[in-house]
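**Student:** As a plain string of letters, each chain reads:
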Amino acid sequence: MTAPALETKALCKQFGALKVTNEVSLRLKAGGRQALIGPNGAGKSTLINLLTGVLAPSSGSILLEGAPINRLTTDQRVALGLGRTFQINALFPHLSPLESIMLAVARRNGRLGRPLQALHRETDTTDEAFALACSVGLGRDCLRPTAELAYGRQRLLEIALALAGRPRVLLLDEPAAGVPASESFELMQAIEALPRDVAILFIEHDMDLVFRFAETITVLVAGTVLCEGTPGEIAGDSEVRRVYLGVAGG
Amino acid sequence: MSDITLDLARIMVVNRARWTTIEVAFWIAAAAGYFLFPAKLVLLTQMLIGGLFAMSLDLLLGYGGIASFGHAAFFGLGAYAAGLLAAHGWGEPLSGVLFGGLAAGGLGLAFSSVIAKVRGAAVLMVTLCIGLLLFEAASRMPWLTGGDTGLQGIDMWPLLGLFEFDLFGRTAFWYAYAVAFLLYLAARRYIHSPEGLALKGIRENHDRVPMLGVSTARRKMIAFTISATIAGMAGALLAQTTQIVALETLSFERSVAALIMLTVGGLGTLIGGFIGAATFIWARDVLSALNPVYWMFWLGLILIALMLTARGGLVGALTLLTNYLARERHPR
Amino acid sequence: MIARIVIVAAAMFAACISARADDRPLKIGWLMSYTGPGAAAGAASDAAIEVFFKTFGKSVAGRKIEIIRRDTTGPAPDVARRLAQELIVGEKVDFLAGMDYTPNTMAVAPLSTSAKVPLLIVNSATSGILAKHPFAVRFGFTTTEMAQQLATYASKQQFKSVYTFVHEYEPGLDAEAMFIREFKAAGGAIAGSVRAPLKATDFSAYIQRIKDANPDAVFVFMAAGELPPIFLRQFKEAGLDPAKIIGIGDITDESSLPAAGDAALGVVTAFHYTQTHESVANSEFARTYKSIAPDRPLNFMPVVAYDVLKAIYQVVEAQKGELNPDRTMELLKQTKFESPRGPISIDPATRDIVQTVYFRKVEKRDGQIVNVEFASTPDVKDPGSAR
Amino acid sequence: MLGFVNILLGGIAYGFVLFLMAGGLSITLGLMGFANMAHAALAMVGGYTAALLIGKAGWPFLAAVVMAGLTAALTGAILERTLFRRLYQASELEQVLLTIGVVYAAIAAATYLVGPEQMAIAVPAWLDGNLRIGPVDLNRYRLFLIVTGLVLLVSLVGLIEHTTFGAKIRAAVFNRRMTASCGIDVDKLYALAFALGSALAGIGGALSVKLLGLDPNFPIKFLTELLIVVSVGGLGSLRGTFLAAMLFGIIDVVGKYLLPEIGAFIIYATALALLTVRPQGLVGRPR
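Residue numbers (this note's numbering), protein chains in the order written: chain A, 3 to 252; chain B, 576 to 907; chain C, 89 to 475; chain D, 33 to 319.
With the rest of the complex left out, here is chain A (with noise of 0.2 angstroms):
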């Protein structure tokens, strides 16, 4: 039985005595689809930033397929193979799509460290991130300064580069959060167009997207997981709809 692509073990997090994650305890299988749901302030945001490294669990583990990272750092981790998106846009306002990608191309294809080797020489990180852009529909305006493109098409690039880092994991941080109806359309092709062999753990409200996608379903309420299955499982629980949808019984 292969290990899994992404688990933790009793993972915790406190500030002080507010205990923002509690014993939390995933398993995320190779290539699996799964979504995390919760109530605003259920630890969501906290859980994904104690997987990149942003911050240091208090107690738990984390592991990337069966190896532990809880004391790798960021880069480190992503070089592994954990890749994430961002909710609010991160990017690189003044540079173009295809030079952030080919940031993260090059990082990966180990061209990093010789200062004086020309980037425009090395027309395989330029042919590769040109067509990672196409891939997520960004061809037309990979040239063009980040800043000057659609939030929509931002979070294009957004996934297109997490993908450049070629990942085991991904994570998404609520992809569609803020995406116009019109723009979406291309959102959800991108997504239904990622590679079968990386697991995915998105984090989303828009439950279309959620049941669409997502083989499993992990609640979170106050930093502890209330319950996991699947979509139906999950959406015939009381329990589920009591908490998080706030309606009465069954």
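List time: in silico PhoX-like cross-link candidates among lysine-lysine, alpha-carbon distance up to 25 angstroms:
hint, chain 1, residue 1, chain 2, residue 2
1, D, Lys253, C, Lys287
2, C, Lys452, D, Lys88
3, D, Lys88, C, Lys378
4, C, Lys469, C, Lys244
5, C, Lys421, C, Lys408
6, C, Lys398, C, Lys180
The set of hints was computed from the structure by calculation and includes no laboratory data.
Mind docking chains B, C and D on chain A? Use the hints.
**Tutor:** Only chains B, C and D this time, still in chain A's reference frame:
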């Protein structure tokens, strides 16, 4: 589906590294200066050296967004290293410049780990302290650095065994021109390399870079070492061409002058450092000749006016001009 | 296109050289600090230039005198060297003069030697400069000659132990070494020594060390300017008597004496010029100087600057305007005249000044704090370095 | 042992001089976030005003010091309204270079107006000489500085942290748009805060002349010391600035007494160590 083809993408990447008219114009004008102003060779040489020093700071500030209030620490260390080498019998210029660069690069490497940990206004203060530490150390060791009297007894062997460093500064000019131009090419390669792209990433969005699997600490370490090495070489050039090293090479005033030159020239344009240096040093020379006592008043006013108006610096303004002219000649 | 520029430049260059007929103006390159810490020196030398023009007129031997002033911005050897190089190559000056800081003089002297342009030094006080540079002449003073005189004075006053306090730079280290050597040779003891960096503005720590040692007297050398008054005030506030101080004249210089006020009363100093010096030359100079710069203090700086210009005038007149560097140096070596400070001459062997050193005590005279001369040693030569 | 007490007192007094000058900067640079390199130039304005009023116009010492504060406040307000206001949203670097332009102009202007010579302030009898308390004779002027410094610290902390005016400034600095939307005229508030910072600079400048001397180069000479005190103390925190000023004052004087050869080296090494360990400063909150 998309009107941007792969070939166009490749061309765009190549174009970004192409020489602009301003860069070409500057280096030709600098060479022409030798013939046009034979009496001002020492001034022209010090413009090139000042430009090289400002450019070394541009790598950190213009491209990496890392401000420094003590960059003269590297400049001065390079000057003293090359000066001491020559004062103790080894007057060969090229090895002296390399030695100056190595010494300053070593300091840059050592302090990059300290500076990489600090962000925002604190970087200004940490680099300020580093600069003041070196200044104080040099002034308290007169037996080594000559203290306030300066390091004397630097006699340079002829360049490549052929060209004597004469009174008129002819050899010194071409020597500084060649070293500055070579280091300019190296800096250009650096900012157009993947390493340079990562540095720009740090300037654009410091926290996002680790999420691409890129270690910001290592990028800053490389940037600091390269920038310090070039600053050290600029200092070594000054030591060799003036045959004396003063404490002023480590001073807060010289660090501030580099910031002024860079901002006047234009941040993040590489050639901006050189153009800013030439303008600032020329203006200071003309003003202080016109009015030896109160020239700082006019320099201050010019600086204030510049900060209130031309934010992009001279290169920003010149680029607008050349683009405008280009559009005039063959409007698309 | 480049070829055309080169031809034009060469033609211009040739034109300059051919115009060497004697109707050319006499150009003197004047390198002083007009900004930065030494700005007072620049201002004082400007007033001296005016006094010179008023006394000697604007031309000599038919050649109009042109004094080209450049600001060396304080101790900045690379700036001084660049300005000197421009003055020699560009302006084609016949003389270089000024030099208020030792590092600047050391940067400019090699240029004067290789271009054979006589360099007249006003105030950099380190003794080792003249040996290696045959075209340099010093009209100022050296800290070593003053320190030697003070050591003799200290032993005559039967001081058993003296503490030395100097500014840590070349002239200061020279003064300290010379005083210690001479005073010990005369049987005295050194109670201790401490040096302060040029930048220090708080001296309470150094003064406490002096107080702990409780010496009979304190030998002090500090660069003229804003710091001596602060040191003297802090010295008095620490409960020590200023009359214990024997120092080189910089510390009670007329430009900073008012700022020191009562804290300077009783201080004994050795120097080459005092404003209250009684002589016809001095009172005439003082009258002209006061008419030009009424609120500017009269100290050694303008007097030495005036002597330098007078020496140049005499040397150019002697050669009827047709200057030859070697002939000029021969004439400069024979300079001998009555200066406002007293009789001065140049020692032909070392090209250094020979002058009277005056001992002065700070007293209050009709409401004014002034140095009053009470003794002097004529024809003092620089004893060279003791380091 | 007696010597050491004197040294300690000297250190504390020097610390207070640094605090008197840096207090205003901790408001403009620290609180308002405006990188004002010309702060010491405002202190110089205060210094010269007091020196001229006492020297030429025969004013009493304390009145001249108050007037020094007002003149500096006026100069600061004029500079703020004409120049600095335009760069509140600009980068730190642009603020630094603009204010350094002001420093250059101030030095030349002072040389032109008052001449390059050293200026002194005649201190009244009750502030001159020493006061004998038991075995120790304490310098009256230093004691006066310590008392004034304490009064200033208490009133400043009170003003910033316990009055609505102080609250409004802190709010404006923290979130300018939000404060403006609450109906507070942020523009006028900044002008007032800047004038307050400048007044402090003027008073600090006037009081420091006796210890630090005064000449046109004053703004550049003390710029680096003030920057270090404010940044090591913690940007925006008056207590931090006070702590840092005391620390540096004592280290500087005691250091020179015990190890004169090393001198100021100790200060900069301590500052570097502190800044790397606590970039937000001794008292500042991590940003």
